[in-house]
Amino acid sequence: MRDLTRRGFVTKSAGAVAGMTAVGALAAQQAEADAVVGREPVVAYVSDPGKGEISVMTGDREVTVHDRGLAARIVRAGG
Amino acid sequence: MSSHREAPAISKDPVADNTDTYAFVSPDEPGNVTIICNYLPLEAPFGGPNFFEFGDDVRYEVHIDNDADGRPDITYEFEFETEVRNPNTFLYNTGPIDSIASTNWNRRQFYSVTRVEQGKRRVLARHLACPPCNIGPASTPHYEKLAATAVHHIGRGHSVFAGQRLEGFYVDLGAIFDLGDLRPFQSLHLAGMAKGPGVNATNDFSVHSIALKVPRHELTSDGSTPTNPMAQRAVIGVWAAASRRRALIREARTGRSREAGSWVQVSRLGNPLFNEVIVPIGEKDRWNSLSAADDGQFLKYVQRPELQGLLPVLYPVVFPKLAALNAPRADLVAVLLTGIPSGIVPGFQNYTGSHHADQLRLNMAIPPTKNPKALGLIGGDAAGFPNGRRVFDDVVTVELRAIAGATYPLVDKSYTPDAAASLVTDGLGANSTRYLSHFPYLGTPHSGYQTKPLAA
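So the sequence lines, in the order shown, correspond to chains A and B. So the first sequence is numbered by this note's numbering: it starts at 1 and just counts up by one. So the second sequence is numbered by this note's numbering: it starts at 1 and just counts up by one.
No wet-lab data here; the hints were simulated from the structure. This structure is a prediction, so every number in the text was calculated from the model and none was measured. C-beta atoms are modelled at their ideal positions from N, C-alpha and C, and glycine is treated no differently. One or more hints might be untrue.
As the list claims (entries may be wrong) - Reference excerpt, derived from the structure (chain A facing chain B, CB under 10 Å, subset only): (1) S47; (2) S55; (3) M57; (4) G78.
Looking at chain B on its own, in the form it has when it is part of the complex:
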């Protein structure tokens, strides 16, 4: 998946597993940038009685690099605290939850937001309420309205939301993980796969999202509001992470544990699918522990991605030109590690210099498009991936086509991609799930009561 269960260690620690990161100019408030980072992959909406929540023992982080060195210049930290009203019941709620202050809600979660800049820590807000999970019509009867009250405005133009959302990332996992069964070439697969439509494997599942809306001038290096798309200071690098304390001591016969020590990063995500598809399994856990500034050591995997070699093998007659492409993939390096320099796509750049770092690079001077294309830049929509990432962008198809060679002419105009490179897809699109037109943009999660298990 984008980064759900993408590495051996973090797949066993879902509370800290950063599954998707998004960064885009807010379509309904273009003076702001929205950054969303998701955790807790594949939440089944009926997963009670201890419904999903953030980890009180995890520090969630959003990093922004605004001077192109791969290191965070601004970090937003989110730390959570759970409160139980009545420890003498097994119930999550003892009646309908009709407000985030409802006394019927037994197990509530609150969080603080801290901005770290140039070594200075500033707590922006404390004890902000999360919404409950969506349980069903008896417990959470007006869920969408209830969740909307958990959007907090915390000063200096910042707004935040932290809680359960409908999964926005769509992908046909069953087909992709079955040896790369891709559309529309299924019958040409080495194993002769049957034709069929794409199936959204994340359908109806939820995630836990941290969404942050920030005025653009709060993110630039000089405090200015970017207006010129060709100016380097209009571009920021964004990634998210999660960290745990270095030491955990489990107390015998109490059910309690204690944490101590410095924070150690256990999960990280900039571009979707980077650690999942580019980094080999023996390196994935280490990659999750490193800073984006250290990504130069993974350059070779971007220059020669394993999937590029697999496609011509899995589809023997479909990708002959890709099979003959032996040069390092400078196009993928630009898309994933440096940004795209000016002069390649007319009127566009999101270049942050030659330092290699896996970040979503967002040119904040490019306004939102009225009729966005889910294929983003390769679909002619410069406001979408890989110019940041919007919630509905079809990043699976974009990255499949890029690896298949569709973007290589950006760096070598003499190369003509296989016709298949602009057709390959997992068979899904932005209508595979639902979104909101306003903050926090990811859709309202399904309730447990209304969800049929695996009814994709």
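Just chain A, same shape as in the assembly:
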């Protein structure tokens, strides 16, 4: 697993993020959404909301992202 900065995460995993309701703000960007058609499903697991730790999994790959703001938005989206 690799730790990524938020900028790196958004760049490298934009397709994954766009696939999730929880990060709908990014998904709203149509160009990014178009770029991910046909990608495998992506699972985001907020393992530690307090630390902003998010595991993003697709296929047999997983990256861990540290982003308190993104984690907080996902948690809020979960109700």
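Could you slot chain B onto chain A? The hints should help.
Chain B in isolation, oriented as in the chain A frame:
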């Protein structure tokens, strides 16, 4: 089997595998209906040290349709929670378990019961104790008495039991799965099989049962107690299911996992053998995920069951009339998907309308019979299968004979079945195992100590 390991996906998830469902007017308390749903197929009684238990991560469900639309109007949900007294021993019990509160019992399980009706959820009971598994004379010395204390009366006339029971479904699996070796025609089988008595493949195995006894008026659409067998409101549709959370996350290096998300159905069972024998293998997993209300899409498999075509091939001289029967099997559609309308069997109906749904259809106004026949309705006993299903009903023989054409004259009086249709059987009967005469009706499980592996 009835629905043991009947589909590829659920065969790998025994804790959620709904193996049998029963629904009948309680013979010793005819004001009540008993519904039993079994899970965990083929438990070897000596399967320790982690003996069998329900899944804390599974929601077990009993559904009742009382307005004939194929959808549940009442659902009972059962959710379990395991408690360990001492995590520093490998033992299930550290001494004799002489009560369900015994401090010698290390790994105990409790459950809640919730009734859902018209969108309203009402918790009927919490933290009800399951009995332990039957281990042996040193660990569970008075098992039958001990298990009886795990019958809980939870108000409004409801009683529940959840725990290990002796398997009540009997079947000669070894012969049936060996290309349909059936009695009494073994020597006429294409492969020339040897003659021999039926062997109960489930002998001595256990299951985990959820049994629920409910006053009949709690299950009708208008709260009345049904008395007229010809009234539609006397009939309920019953099926059971199991669901898991949509997401499972396994934590690395902790041995723990977490579940999240909505409940997703993974197992379902109304009529015995429906998914097992009627639904083709490519559709079985999907069938398990659907509601009974969606079963219209499987109508073609009931109208033209694969086994009907196989019997004349496997037994070339035995089923000539069945081989010539080309019409859709409206009799099987009635038995399995709609219920039997009035006017076909005198004084009987369990019709729930033209909506197709795999349910056990129980006419609650028909009282229990004093001398029940294991062949149920085709044996002249209207209190038995397919009017619901009692624990001892010989559903394998009934369904074999129905598919062989014995029930087709119900919808076409000009059809004369093959003589073999009323003789075919797997060679077993209700004396193949043991039952209780009272709730929860399924027998006391064998202990691990007393069981000889595969001593059928």
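For each hint, the structure was consulted:
1. S47: holds, 8 Å
2. S55: holds, 8 Å
3. M57: At about 9 Å, which falls below the 10 Å cut-off, the nearest Cβ of chain B leaves the hint on A/M57 intact, so it holds.
4. G78: holds, 9 Å
In terms of the numbered hints stated before, the structure departs from none.
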